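Work the whole structure out from these sequences, hints included.
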Amino acid sequence: MPNSNSADVLIIGGGVLGCAVAERLSRTTASVILIEAESDVAEHASKGNAGVAVSYYGAPGSQQTNLINLSNPLWEEISKRLNVPYRRIGGLMVALNEEEAHHLVGTVDEILQCGVNAKLVTPAEALQLEPLVTTKIVRGISMPDEGIIDPIRLTTAYASLAAKNGVCFRLNERVLSIEHNADGSLIRTDQGTIEARFIVNAAGVAAAEISAMSGGENFTTFPRKGQYVVLDRTYAHKLSRIVFSTHSPTTKGSNVVPTTHGSALLGPTAKDQIDPDDKSTDTETIEWIISNAAKLVPSTWDAPVIKTFAANRPAGDEIHRLRVDKNIANLIHVTDRSAGVSISPAAGELTLELLRAAGLDAEDSKSAIAVLPKIGSLRLSQNPEDLVKDNPLYGQVVCACEFVSAAEIQAALESPIPATSIDGVRKRTGAGYGRCQGSLCLAGISFLTAIATQSGPGTVLQTSRGTVGS
Amino acid sequence: MRITVVGAGASGLGCAVELARENNVTVVDRLPVPGGETGWQNPEIQAFFKTAKELGVSFELGSMATHWDGTTLLTVSPLGTQKIKSEYLFFAGGIRPATSAEIGLTGDRPAGLFPATVALHLLESGVLLWRNAVVVGDGHWASKTIEVITKLGGKCTSIVSDDTEMEATSRNIVNASNFRVRGTTRVEIFECDVAKKTLSIECDAVILAGPAHPNRNIDGALTDFGTKHIFVQSTTLVSPKSRFEHGRIEARIWADALGEIT
Chain F
186 MPNSNSADVL IIGGGVLGCA VAERLSRTTA SVILIEAESD VAEHASKGNA
236 GVAVSYYGAP GSQQTNLINL SNPLWEEISK RLNVPYRRIG GLMVALNEEE
286 AHHLVGTVDE ILQCGVNAKL VTPAEALQLE PLVTTKIVRG ISMPDEGIID
336 PIRLTTAYAS LAAKNGVCFR LNERVLSIEH NADGSLIRTD QGTIEARFIV
386 NAAGVAAAEI SAMSGGENFT TFPRKGQYVV LDRTYAHKLS RIVFSTHSPT
436 TKGSNVVPTT HGSALLGPTA KDQIDPDDKS TDTETIEWII SNAAKLVPST
486 WDAPVIKTFA ANRPAGDEIH RLRVDKNIAN LIHVTDRSAG VSISPAAGEL
536 TLELLRAAGL DAEDSKSAIA VLPKIGSLRL SQNPEDLVKD NPLYGQVVCA
586 CEFVSAAEIQ AALESPIPAT SIDGVRKRTG AGYGRCQGSL CLAGISFLTA
636 IATQSGPGTV LQTSRGTVGS
Chain D
927 MRITVVGAGA SGLGCAVELA RENNVTVVDR LPVPGGETGW QNPEIQAFFK
977 TAKELGVSFE LGSMATHWDG TTLLTVSPLG TQKIKSEYLF FAGGIRPATS
1027 AEIGLTGDRP AGLFPATVAL HLLESGVLLW RNAVVVGDGH WASKTIEVIT
1077 KLGGKCTSIV SDDTEMEATS RNIVNASNFR VRGTTRVEIF ECDVAKKTLS
1127 IECDAVILAG PAHPNRNIDG ALTDFGTKHI FVQSTTLVSP KSRFEHGRIE
1177 ARIWADALGE IT
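Chains as they are written, first to last, in the working numbering: chain F, 186 to 655; chain D, 927 to 1188.
Hint data in this document are derived by calculation from the structure and do not stem from the laboratory.
Treat the hints loosely; a few may be bogus.
The list that follows gives simulated cross-link-like pairs (lysine-lysine, DSBU-like), each with its CA atoms no further than 35 Å apart [claimed, not checked]:
id	chain 1	residue 1	chain 2	residue 2
1	D	K1081	D	K1070
2	F	K574	D	K976
3	D	K1070	F	K423
4	F	K574	D	K979
5	F	K456	D	K1122
6	D	K1123	F	K480
7	D	K1123	F	K456
8	F	K265	D	K1009
9	F	K574	D	K1070
10	D	K1154	F	K423
11	D	K979	F	K559
12	F	K574	D	K1077
Since the model is a prediction, treat every value here as computed from it, not as a measurement.
What follows is the structure, given as structure tokens:
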């Protein structure tokens, strides 16, 4: 581990992009510190998104599209290397009337111009691709390269590999000021100071604040809240594809998305707001999401809802920003409103290129590891018997709905970037995520977490910020 | 016939005792002891367990049942996995309080929000975890949670549909709807609508205490569809004796109906 008060590169923000950059830099000779204001990585948008590794999102020819195109073919390899659940299940965009059908003709043109696989399909073809889609479909677009990924596991995997390769993670620490000098920058935080030659601004919603603090470009970032509904896998296993709404000029719409857990997500909505901590749901919006989803896939209407939640994506005056600051030569901005997961592998590479071009001496390291050890999942394993033989804790099921074993929970509590809260265990293992929402297992998980973090029943963290007791 | 019962609580033991007179019965439970939510130390549970063993029921305790395909039940324990062949599966997996989504609770998701089953486990540590809790729901979890919190020195506000049964130690709010939670780090306010007005209650915990829903967790036996699995999960009966009797009656009704068909 490098000196934790100085490094070649300081990354600000432990979301999916900050951690992806950390992972890529960790496989070079550069020394790296990552600082995150929350007590865990993958908070905010990185834990509250639909988990779609998209093949298409934005305009042809844009840097964002280029990064999506570079990242998309890599998912099978990355998910294997980092032990992250991923499936290329394909997507189906649905037009429900003539106006939307007309719009899809333009959309498919744009997708093809992006160099991405897509094809207009008839209602009969659409129903073959996803038998649960509405029979009222007028026209569709089949997008075979859309995939689903566990965005939290992706982020924690990037972070774990980076930490194993020596990146110093400073969590629970907030940047207060940034000054520049001949050698680089001096960053004051609420815990101390850090010297760094380069700064990567991956602060998401706080990116504008970090840029301003650093004397960098004047841009705006603000939270855009999305609410979601989670459907139980008793229903969701019947879905075979991601079902997208037709994009309108103002929004990408609310969708039906199977998850790698086996559940399905309905959403998101999009509402700009001021407070980044406002992650509240409301009945009216939840009801809208459910009725909108039922227009696309009617059987979602009475499917069992296990949870509702909201998160804020980092919106702003640009949807994508990955470049060296125009005023400050050692500051690189790495933010993306909605495609952070989907661009993350290529964003790590591009950031490294920009850093090298700006003078960072970072050779690819021969000793760095590139592969995380596989941690088996009792529920998804083809041979649970072998898992139990290797480690009897795999036979100790803690979460009864998702069949998460004590072995998996222990691994999360002992990982390079360990879970330090009950929610941290859920994020890494899925324990407590299922249909009973932890009513059987949360007490046990809180005791295991309390032991691992050397706290007590009242002082153990339930969320990244709040404790079980008051 | 070989029949497997999942759940060694009062209901499951009731099923096992009734079925054992004519069948070869195995009871599986994830806990290493019988009793389920009632607890293994309960004398009635111990008596039911003894009766079941005397009738030849075999027990696979400390094993989690995970999959049922209509002929075979898959279980897992630290000793390994097992495939238990049986012609029918009785599922007596007990009950749990409704989740936030099931009662339509919206708002923020801060620390301090717990299902009552979890709250009761945590309170068993004997620490005063919350000074001012809102307990949502009627029934046995609500009254038990209020009792323990009050005993440890905290206060409770109870959101109930019928306030005649609740403890005098809590403040009762009736006819409330549209529940919301406020707070970023931990819960600060519980909001609800009463007679079309918003009521805000300051609190440091929100405990979800009902209504009761059946626990369902075995893949292949999650929904009511299927002729090879039978659910025995009363959401209203509480006492071990009444749950045991309910298990017996359900098993008897099923056996009689099966007898008529065959």
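Below or equal to 35 Å on CA atoms is what counts here, so check K1081 (chain D) against K1070 (chain D).
holds (13 Å)
Mind checking the alpha carbons of K456 (chain F) and K1122 (chain D) for me, to see if they're no more than 35 Å apart?
Cα-Cα ~27 Å, so holds.
Given the hinted pair K265 (chain F) and K1009 (chain D), is their alpha-carbon gap at most 35 Å?
Measuring from Cα to Cα gives roughly 31 Å; hence the hint holds.
Straight-line Cα separation of K574 (chain F) and K1077 (chain D) no greater than 35 Å?
violated (45 Å)
Going straight from one Cα to the other, do K1154 (chain D) and K423 (chain F) come out at no more than 35 Å?
holds (21 Å)
Restraint check for K1070 (chain D) with K423 (chain F), where alpha carbons must lie at most 35 Å apart:
Measuring from Cα to Cα gives roughly 40 Å; hence the hint is violated.
Between K574 (chain F) and K979 (chain D), does the CA-CA distance stay at or below 35 Å?
holds (30 Å)
Tell me if the straight-line CA distance from K574 (chain F) to K976 (chain D) falls inside 35 Å.
OK: K574 (chain F) and K976 (chain D) at ~33 Å, within 35 Å.
Measure nothing beyond the straight line between the CA atoms of K574 (chain F) and K1070 (chain D); if it is 35 Å or shorter, mark the hint as holding.
Answer violated: K574 (chain F) to K1070 (chain D) is near 41 Å, above 35 Å.
Please verify whether K1123 (chain D) and K480 (chain F) have alpha carbons no more than 35 Å apart.
With a Cα-Cα distance of about 33 Å, the restraint between K1123 (chain D) and K480 (chain F) holds, given a limit of 35 Å.
Is K1123 (chain D) within 35 Å of K456 (chain F), Cα to Cα?
holds (26 Å)
Distance restraint between K979 (chain D) and K559 (chain F), which requires alpha-carbon spacing of 35 Å or less
violated (43 Å)
Hint check: violations occur at hints 3, 9, 11 and 12; the rest are consistent with the structure.
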